[in-house]
Amino acid sequence: MSTRRFMAVVLCAALINHASADEAPNLGKPVDAATLANIDYTILPDGDGLPVGSGTARQGAEVFQQHCVACHGEGGSGGVNDALVGGQGSLASDSPRKTVGSYWPYATTVFDYIRRAMPIQAPGTLTTDEIYSVTAYILFMNGIVAEDAALTADTLPQVTMPNRDGFIWDYKP
Amino acid sequence: MKDDRLDAVAGNGLLDRRLFLRGGLAGGTLLLATAANGVEREKWMKAPGAPMDELGEPSVHEAHVKRTSVRSSPGTTGTGVSFTPHEHLDGIITPSRLHFERHHNGIPDVDPAQHRLIIHGLVERPLSFDLDALARYPKVSRINFLECSGNSGACLAPEPVQAPLSAIHGLVAASEWGGVPLAVLLDEVGVKPTAKWIVADGADAPLMSRSVPLDKAMDDAIVALYQNGERLRPSNGYPMRLFLPGWEGNMSVKWLRTIKVTDQPAMTKDETSKYSDLQSDGSARLFTYPMGVKSVITSPSHGMSLGPAGIYQVSGIAWSGSGRIVRVDVSVDGGRSWAEAALDSHVLPKSLTRFRSAWRWDGSPSVIMSRAIDEQGNVQPTRQKILENRSSGFFYHYNGIQAWQVAAGGEVTHVYA
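From first to last, the protein sequence lines are chains A and B.
For the first sequence, position 4 matches number 4 in my numbering, and the numbering has no gaps at all.
Position in the second sequence (first residue = 1) + 173 = my numbering.
The hints are all genuine.
Chain A is nowhere near these chain B residues, computed Cβ spacing over 12 Å in every case:
hint : residue
1    : A220
2    : M225
3    : Q557
4    : Q578
EDC-like mimics (lysine to aspartate or glutamate), calculated; alpha carbons at most 20 Å apart, straight line:
hint : chain 1 : residue 1 : chain 2 : residue 2
5    : A       : K172      : B       : D443
6    : A       : K29       : B       : D360
7    : B       : K365      : A       : D32
8    : B       : K365      : B       : D388
9    : B       : K558      : A       : D170
10   : A       : K172      : B       : D436
11   : A       : K29       : B       : D284
12   : B       : K369      : A       : D170
13   : A       : K172      : B       : D388
14   : B       : K369      : A       : D46
15   : B       : K365      : A       : D48
16   : B       : K239      : B       : E260
17   : B       : K365      : B       : D436
18   : A       : K29       : B       : E297
In short, the hints are calculated from the structure, not lab data.
The C-beta atom is built at its ideal place from N, Cα and C for all residues, glycine as well.
Whenever a hint applies, use it, and build me the whole structure from the sequences.
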């Protein structure tokens, strides 16, 4: 056993001795299913957590023009904030362009981030169908999905992003 | 008697670190002249002073000591950064009001009476904890640094950025963080055997979200309620934040609202598209968690000016996300020779450590730099070494050696060396 590992074990033992669950006051209150459904935003790359809904790129174009174009530019080409489109094939070049299309490894992340945080002045105001559709529009502009392909909780996790295998994990639990 | 501590221990006049281990120099070389004879009083000694006050504010003469380079993304007010002014600070504790900020859509005004921390997912029993409940749990406190992994990214610019130290290295700070070990709360909810990760969400407008390996959550993670003895300030996550000692700051989710226990990372926007490091071959490194061993000389640093030739203190901060700092070397001749600096007495794991060297500057142009080594044997790399495999799109996790140029006139500027 390495010194580091040994110290980790000693520290864990110390922590457990200091404040084990047995000594803790156990003041957590049960959470009902309705509350859980309301606070659970987590969406995993396999699609776990995606809500029921549907949207196509054709529908999403209007959502994009209304809520996104001011910061992200016409066609997602970038403006005062990040470009969302383009850059595929550029990552190994001298001028890499990191966009949703060129860099992001999972399509679920696009839906997840929009649902949490966008539009920046009014997060939480888009409907689930609007989020699916604007996600589809961003992916369509990157050449990843067809214009009339319906994205749903079933189909979104099946989308393979161009840079899906471009990442090396520095840390593996 | 000759004081051998005044003999140079490295090139260009670097002096023995024992100067700071055994008190000052003999003969009052570094001391101010004796005060006036006492017949005449200064004006502030001729009348009663100001009364007591409920909140102690800094001296009006220190009003210039502020967070610097406060800026937000275009069209937003709270999506940006502010930097800790280390060029004005000493010691290892950062005053809470000067702790750097990085927010993703402003600082929420969380009502502590309504706020709950809910832990759910792969657990036996999802549970909700309010602030009153958490206040009754066994608590720990530790002095740890917190560093944004974008700190020092300015050093990747092709030419040295001529800006104060804080604008380059001000996204690190150290505090005493107090709170409830997350392991205690995870034990209470009962983590299922298939669990490997947790996903933490904040109660801010973008529900900032990061995945954290379960082994870190069970090791030294805390749900922090206190910073430097007082409740967290809003800009640091009031009323509660996740705190992960030594790991990139973005993971210590502020305004902590939910923790979902999972068997995989959520691959959130920040952990994939932002805080990852593109390599020159087009691949990118993901989940680079412990912050690398690092140091920087805070005084003298950019924008300062030395006076006449003579003895000066070279002082700075060193830290590592992998444990204690065991040694800091200082060079005043551009890295040709080095000597070990003195470390202040508080050398704590995953904390800032203050180092000091004495330098007899002869008035000639000089390049000064520091190099830290941690207890795992990690040595702070040169800038050149870091750039070897990095793409021009690389920005985060920079921990290269920082150099400052002292001109013949004493002016200090940023230089690559």
